[in-house]
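Participant: Each chain, written out:
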Amino acid sequence: MTAPWTVAQKILAAHGVQDLTPGAFGLARVDLVMTNDVSGSVALREFEKIGARRVFDPSRVALFADHFAPAKDVRSAQLVGRLRRFAREQGIEQYWEAGSTPNGGIEHTVLAEEGLIAPGDFIPGGDSHSCTYGAFGAFGTGVGSTDIAAALALGELWVRVPQTIRVEYRGTAGPQVTGKDLILAYLAQSGVAGGTYAALEFAGPPIDATSIDERMALCNMAVEAGAKTGIVPADATTLAWLADKVTGRPLEPVLPDEGASYAGRAQIDLDGMRPLVARPPSPADVVPVDTVDRVRVDQVYVGNCANGTMTDLRQLCEVLGGRRVARGTRLIVVPASQRVYRQALKEGLLEQIVEAGGAISMPTCGACFGGHMGILDAGEVAVATTNRNFRGRMGHADSAVYLANAYVAGAAAVSGELVDPAEVMA
Amino acid sequence: MSDVITGRAVVLGDDVNTDNIIPGPYLNITDPEELGRHLLETYDAAVGAAVAPGDILVGGRNFGMGSSREQAQVAIMARGVQAIVAGSFARIFLRNCINVGLAVAESPEAVAAIADGDELRIDFTAGTITRGDDTWTIPPRPPFVGEILEAGGLVGWAQERLRRTSSTQGRR
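Top line first, the protein sequences correspond to chains D and W.
Using our numbering, the first residue of the first sequence is number 1, and each one after it goes up by one.
Using our numbering, the first residue of the second sequence is number 427, and each one after it goes up by one.
Bear in mind the hints are in silico, worked out from the structure with no lab data behind them.
Some clues are possibly wrong.
Unchecked claim - Cut-off 20 Å, straight-line C-alpha distance, at most; resulting in silico cross-link-like pairs (DMTMM-like, lysine to aspartate or glutamate):
1. Lys49(D) with Glu586(W)
2. Lys49(D) with Glu573(W)
3. Lys49(D) with Glu576(W)
4. Lys72(D) with Asp457(W)
5. Lys72(D) with Glu460(W)
6. Lys49(D) with Asp457(W)
If you're wondering where the values come from, they're calculated on a predicted model, not measured in any experiment.
Next up, chain D with everything else stripped away, as it sits in the complex (with noise of 0.2 Å):
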């Protein structure tokens, strides 16, 4: 198999792999290794079964105490201080801990505002939504812990090169609708097995329009599709963005080839669309918020490492707009960042949260997954812009979980119901 390549052939030629074949193994040199508290608690047991003294570059780790912090009991402190004594040990000076570092807060997007993640890079993460870092046009995956050991040690990672699977969308959708419906939307048409070993890389006039933190939420869910990665290939939005904040190295965008070879298309045709809901306990269960059951809502949760930006905190905000939060249900929205928090507390977006009755926590990953902050009892409902809604992913095995963007969110706070956010905004 000889050139034009795709975009995560190209990155992955670019790091040392020689065979691009899609099925072929190689080994591919890593820009950044990321880990977490839950993650890092076997990768460094791991590690130490390695024998390697040293990481291979301490610049080039990043650790964040993000799923169990702050640290909700005693255990989960042993995780957090286990990192953080890791991070001194091995002079590793990206270590994030909200309230003890400038940021801090949910490990994707504490990397991309740090700059630490730029076009064509190569970027094994311990954690399965590190596909998130396709918004910046790199190529992002999840990996295991045991990998992550081998990562810190070595600086490589053993990579079966992927099929790709060209995503392109079309058409104009209805208002309220967000980058969160984008991979929905393809969810819907994939299923949960659909993007399976594949590189999704997203194409089309609706993607060139996405803001990053649009790109964010797609990108971050195309592993609930199977993918290895899914990638926005980097253009002036994703310059524009990374300008002020990867420093030190020239920003150069990996595009594909013409005549690249896929292993499939898939066309999403957004015209008229409704914003989108994943009904549990299935991601890729997927249809129009319009059509979807009027269930009774006792939580919503706007935060996470999709769905936890300035734009998703806007959005909220915009349905909000004065009223109150329906009586028995509650509002809890989490800033994926402390940079995040900062900017939605200067721009009266926190301000506006409370005073409509909702609750606002410091950054975590906590309620996502089911660890801490907002874990749901048996029979309740929850509308969440997270990215899974598996049985018992937020608590009790017989909770339920709807994923959706925010403006859907925020129209379940003050509605008390699933509803349709333009019968709220009307």
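The hints should help you fit chain W onto chain D, whose structure is shown.
Facilitator: The following block gives chain W in isolation, referenced to the frame of chain D:
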């Protein structure tokens, strides 16, 4: 990891996810035995409780979808599960199994025929799964995967690689 495995089938459905295998609240547990006690808790707690040492988990399509949490493999191995047979595997889950040396075999045909409690024999050298007189073939392991498994998993493989690179480049 042995090349021939025999054990009792515990049959699960399609799209078993990592939250089913080990729910999020337990991710701050570091003791493997304790993690293992919560195996399959939100899939079906009774099924999870019935998994016994030597068993073979049999999943449908897309086994292990979702999180990268390797605590899933830790919990499965702590319960003495010897192997997983599935119609297909989710990407990260499969990587993790290869890396930690947890035996996996892919065969949609076998999965369609196997019933709960069946006695199975998996022969990785011959590339077969057998149950009594029935035999199904499994795809051969790619050479690179064989290399990792021969080294005893990615930890062993990385040890060797680290030795080789440090002997050529000096101590890192």
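Participant: For a C-alpha distance cap of 20 Å, please report whether Lys49(D) and Glu573(W) respect it.
Facilitator: holds (18 Å)
Participant: Are Lys49(D) and Glu576(W) close enough, with their CA atoms no more than 20 Å apart?
Facilitator: Between Lys49(D) and Glu576(W) the Cα gap is close to 17 Å, so the pair holds against 20 Å.
Participant: Given the hinted pair Lys72(D) and Glu460(W), is their alpha-carbon gap at most 20 Å?
Facilitator: The hint holds at about 19 Å.
Participant: Is the hinted pair Lys49(D) and Glu586(W) satisfied, with a Cα-Cα distance of at most 20 Å?
Facilitator: Cα-Cα ~12 Å, so holds.
Participant: Regarding the pair Lys49(D) and Asp457(W), is the alpha-carbon distance no greater than 20 Å?
Facilitator: Answer holds: Lys49(D) to Asp457(W) is near 16 Å, not above 20 Å.
Participant: For the pair supplied as a hint, Lys72(D) and Asp457(W), confirm whether the alpha-carbon distance does not exceed 20 Å.
Facilitator: holds (18 Å)
Violation of the numbered hints given earlier is absent; every hint is satisfied by the structure.
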